[in-house]
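Based on the provided sequences and hints, a complete structural model is requested.
Respectively, the protein sequence lines represent chains A, B, C and D.
First residue of the first sequence: 1, per the numbering used here; consecutive thereafter.
First residue of the second sequence: 1001, per the numbering used here; consecutive thereafter.
First residue of the third sequence: 2001, per the numbering used here; consecutive thereafter.
First residue of the fourth sequence: 3001, per the numbering used here; consecutive thereafter.
Warning: the hint list may mix true and false statements.
Computed cross-link-like contacts, DSSO-like style, restricted to lysine-lysine with a CA-CA straight-line distance of at most 27 Å [said to hold, decoys possible]:
1) B/K1273 <-> C/K2148
2) A/K225 <-> B/K1283
3) C/K2007 <-> C/K2028
4) A/K148 <-> C/K2148
5) D/K3283 <-> C/K2225
6) A/K273 <-> A/K225
7) B/K1273 <-> C/K2298
8) A/K71 <-> A/K28
9) C/K2273 <-> B/K1067
10) D/K3067 <-> B/K1148
11) D/K3148 <-> A/K148
12) A/K283 <-> B/K1225
13) A/K148 <-> C/K2178
14) D/K3067 <-> A/K273
15) C/K2283 <-> D/K3225
16) C/K2283 <-> D/K3178
17) A/K283 <-> B/K1003
18) C/K2273 <-> B/K1148
19) C/K2283 <-> C/K2273
20) A/K74 <-> A/K7
21) D/K3273 <-> A/K67
22) A/K273 <-> D/K3148
23) A/K178 <-> C/K2148
24) A/K178 <-> B/K1283
25) C/K2178 <-> D/K3283
26) D/K3148 <-> B/K1148
27) B/K1178 <-> D/K3148
Everything labelled a hint here was simulated from the structure, so no lab data went into it.
Letter by letter, the chains look like this.
4 protein chains.
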Amino acid sequence: MTKLTHKAAGTFAIAPTPFHDDGRINDKSIDRLTDFYAEVGCDGVTVLGILGEAPKLEGSEAEEVAKRFVKRAKNMQIIVGISAPGFAAMRSLARASMDAGAAGVMIAPPPHLRTDEQIEAIGTDIPWVLQDYPLTLTVIMTPAVIRKIVMDNPSCVMLKHEDWPGLEKISALRAFQKDGSLRPLSILTGNGALFLDFEMERGADGAMTGYAFPELLIDIVRLSKEGRRDAAHDLFDAHLPLIRYEQQPGVGLAVRKYVLQKRGVIASSAQRKPASSITATAKSEVDYLLSRVARVDKRANLQPQSSAAG
Amino acid sequence: MTKLTHKAAGTFAIAPTPFHDDGRINDKSIDRLTDFYAEVGCDGVTVLGILGEAPKLEGSEAEEVAKRFVKRAKNMQIIVGISAPGFAAMRSLARASMDAGAAGVMIAPPPHLRTDEQIEAIGTDIPWVLQDYPLTLTVIMTPAVIRKIVMDNPSCVMLKHEDWPGLEKISALRAFQKDGSLRPLSILTGNGALFLDFEMERGADGAMTGYAFPELLIDIVRLSKEGRRDAAHDLFDAHLPLIRYEQQPGVGLAVRKYVLQKRGVIASSAQRKPASSITATAKSEVDYLLSRVARVDKRANLQPQSSAAG
Amino acid sequence: MTKLTHKAAGTFAIAPTPFHDDGRINDKSIDRLTDFYAEVGCDGVTVLGILGEAPKLEGSEAEEVAKRFVKRAKNMQIIVGISAPGFAAMRSLARASMDAGAAGVMIAPPPHLRTDEQIEAIGTDIPWVLQDYPLTLTVIMTPAVIRKIVMDNPSCVMLKHEDWPGLEKISALRAFQKDGSLRPLSILTGNGALFLDFEMERGADGAMTGYAFPELLIDIVRLSKEGRRDAAHDLFDAHLPLIRYEQQPGVGLAVRKYVLQKRGVIASSAQRKPASSITATAKSEVDYLLSRVARVDKRANLQPQSSAAG
Amino acid sequence: MTKLTHKAAGTFAIAPTPFHDDGRINDKSIDRLTDFYAEVGCDGVTVLGILGEAPKLEGSEAEEVAKRFVKRAKNMQIIVGISAPGFAAMRSLARASMDAGAAGVMIAPPPHLRTDEQIEAIGTDIPWVLQDYPLTLTVIMTPAVIRKIVMDNPSCVMLKHEDWPGLEKISALRAFQKDGSLRPLSILTGNGALFLDFEMERGADGAMTGYAFPELLIDIVRLSKEGRRDAAHDLFDAHLPLIRYEQQPGVGLAVRKYVLQKRGVIASSAQRKPASSITATAKSEVDYLLSRVARVDKRANLQPQSSAAG
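The following block contains the structure:
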């Protein structure tokens, strides 16, 4: 596939890593999940992020997962999260992924390291996504800090905007570009899509998050780019109760895997231990929310498919 | 007024502290705000919380604000937030508030202090609300920790549930009560109402938060108690886009004061400096959300009242 | 007194705030403490820092404490810590202190505020000390960040270097000055003097910390400036076991007040509640350390003075 | 070797992981390092802790390192740090280490997990050391919390006391044992030995830390147990300036590897990247401190050995 550039836009789904119930990686579900993202129209897929339980994988497993997604993807760019405690592991995963055809890598700046040392370690020829991740509290990325990182690192082509919510941050970065102090940069927004409606209006290029209905993300991005504000909000608001429910810290991944399994896209909702989980009550709450979304958006009317990967 | 007990339920609005544009406390707006809460049907009001900019007030100012709310309140219980760096200041504000007729006080457990030392300092005869505040990161209040604090402190009568979102925490606490290990305790939920719909279903007694439409909180609490699930969610979902918008860290207070000013309830949206603020773009986004809410809930169709307090 | 400039050097003692046993401010002990600092040869005194229990004082009390130190000081510059949640309180304390004759103020950059907004609030005509305070974790002040703050704020004349330990930070700042990217700046080091020996060798201008023997700080600063390296380390090492003991988080203030009381400099070791405290075992450990220091430095051979302030 | 029990005492050195300059694990240096610890009289060695750069090792590498230490150790117990993001990796490393003859494992309680789930994952038959690690800020282990973990988990036999400094914590735990609420438990102290003198007096069973002169730890533990208080402090104080220097956050490992290389115990001071490092100035400071320690303790008079492992 082509490499990632600052012109990247649209919807990049963040993929969970599918496991069997016993914790082994489920290759068939990786294939099915990749096909699903392609079928609904994603522009790309981001794998091995935090949602992908990357820290629980051995180095060799991570490479295998990344390669499998890359090889299966058709007309979609794959971005590989490569954050790891050691530079050697980061470099190894980055190189193996790019050799297999990945479009770029994603890196979260660690609390006490300099970004340019990370980039030097993996190589300055790999296009990479800067992950804006505020929850650590030790790294607060103001617009000025982001600008400096981007200007100091020519191979940085995209910001995964994840500040919660940071509408003004998008506006500030776009203003930097207008005054010439920041070069072109793709901005895709995360935050579990909780603010996607307004993020698009503020100038985002698209979405990069793991909401279990990537179709919704694609629709909002499209409607917003077409200037159909009310239509975008109408559809967004129908999904918002579920989007919000997914945002619960420590619960999000379990909810997403539960829904993706219901949709027949992954065979098991298992996580590697230690795993988050949802109770029977929580499942019934999700089911109730799905039934309410389905009144507006038929795609939420889930009839588990029989072709679930196994 | 009567003192707070574990039977407290319903909606306690969290009040901002109204200022003049120059930063002086606006007594008339305190009166108007108190009347407003009474008119819409609040069961109580919580003052001098974090939303109330309490750390920016001098000790004498805090007492005056608390007393003014208490004296104006009719048929509503006033809870006074008394968290402060020194025990003497906490005790002084607690005593002055109770003497004036407050129903109870609210205390957030600080990172390195023991709750029972705090309670001993203010006096064990004052009913108090335990503030569950997770964002500090240094105090994680698991259900077991809450149970221990409640059982060790007989004067604790209520939990302001503020974990984000903590649906399972409510269920766990109610299960403790069923198995006899936790005594009766009122649970009102905060979280800016972002999960009020399900929190009520999980067993909360009501809401304690600062959403600029306390009427909505009252309705959801009532509909939920009546068992009208779909009606509760329908109304809740109409407000959710705005509820969500208010939740932005560092922006919430500015949005709430902006809306309350638009509603004619406070004369100025000014905060004491350092203040958060919202841009013109953000205001237009709030206006847009209000217009959308108004399609379902006419109360959001704001025509600024001419009787604004001054 | 003269205002603080970037040429400030030597030893600025950080003063605790003396209280009576019942928590009232002890004016006589303030006077005695100020005289003590002057007698031993301090160049200045910093009051109302974290060690001074500033957050537990009412605004009016803080002003009175600052004024009393200023008026009693002879040939010593007084720096007043003014950090507070609200800008109005900061400005008020800064203005009152400067009007009374203080040399400057000290400000810690808060997690989510911009320093220039703070300075604008207090006035750009007041010389101020930038407090480098790493323990909050949310504000990590790299040399580059310090340089930017200093260059953006002409009224900043001194850095209270408090990173733990930050020897390389001092070297980096001095290198910035050599390459012309940083203007002249006084650097006094804190860290409870745990690294004062090497900090002076790295280019610090002196010490600003609350060790209960400011005479030792004065000696180390002098010996180091005279180039008497071995003599400086010999004396420093004799005190190091006690310096280290004072560094215990949550215990330091209690140890310092205990020693200052033993020295007859303050009448009571009481803190306002909530207070840290030291056990009888800890006191005997401090006594043992004092007796060991006294083998080398007779000033640690404490015979409580009869002239203790009351 | 025999398994770890609550009777463990003495000095357990925390070992760095030796690498070649190019980052490969240096097996010969592991052997030489193990022999060195045995020769000076250590009772045990703790490997793959934070000091051992464990997060930068692949799972298979970690197992090989642990096994090599275990097989080389003579008359010393090996404790293996097994903290990892996934339970499978923890269990695998724990099982492989115990099968090879390790005495026990060490586990740090993670912010959001329950300890008993961790223990269930690795197996309740493996004796383990509870790592008291305060710097994360999200897990504050009070004496009561430690007691609960120990009483809930019969296979927990030792506390690696690492609170900074926590003298009162040791006293509190020993008091729990006197009142019968805590069962027998070995307490070895870390903190880089900065408080070892008093920790022993408070009731610690010994030391577990990585100071580059484990001989000193052994001497202090012995002298303290013999009741020779002054002799213990005299020797401790001679090393304290260097012990203190090693404590600098982000520098400690580099200093320790530098000294161990100078001592001829490891062939290279290299760390896997990202690596901390020390400047030439810092090295000369360490050399100066060594020369000063050597005036009292000849073992610090380093003449690099020619038999350095390669």
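Between D/K3067 and B/K1148, is the straight-line Cα distance small enough, at 27 Å or below? violated, 44 Å
Taken at face value, is the distance from the CA of A/K28 to the CA of A/K71 at most 27 Å? The given pair, whose Cα atoms are some 13 Å apart, holds under the 27 Å limit.
Please verify whether A/K273 and D/K3148 have alpha carbons no more than 27 Å apart. holds, 24 Å
Satisfaction of hint between B/K1003 and A/K283, Cα-Cα up to 27 Å: violated, 39 Å
Given the hint that C/K2273 pairs with B/K1148, test it: the Cα-Cα distance must not exceed 27 Å. holds, 24 Å
For a C-alpha distance cap of 27 Å, please report whether D/K3148 and B/K1148 respect it. Satisfied, since the Cα-Cα distance of roughly 13 Å is no more than 27 Å.
Does the alpha-carbon distance linking A/K225 and B/K1283 stay inside the 27 Å limit? holds, 22 Å
Could you grab the alpha-carbon distance between C/K2283 and D/K3178 and see if it respects the 27 Å cut-off? holds, 23 Å
Hint consistency between C/K2283 and D/K3225 [alpha-carbon to alpha-carbon, up to 27 Å]: Roughly 22 Å separates the two Cα atoms, so the pair holds.
Check whether the Cα positions of A/K178 and C/K2148 lie no farther apart than 27 Å. holds, 24 Å
Hint check: A/K74 vs A/K7, CA-CA at most 27 Å. Holds or violated? The given pair, whose Cα atoms are some 19 Å apart, holds under the 27 Å limit.
Pairwise hint evaluation, C/K2273 against C/K2283, where the allowed Cα distance is 27 Å at most: holds, 20 Å
Going down the numbered hints, you'll see the structure goes against 3, 6, 7, 10, 11, 17, while the others check out.
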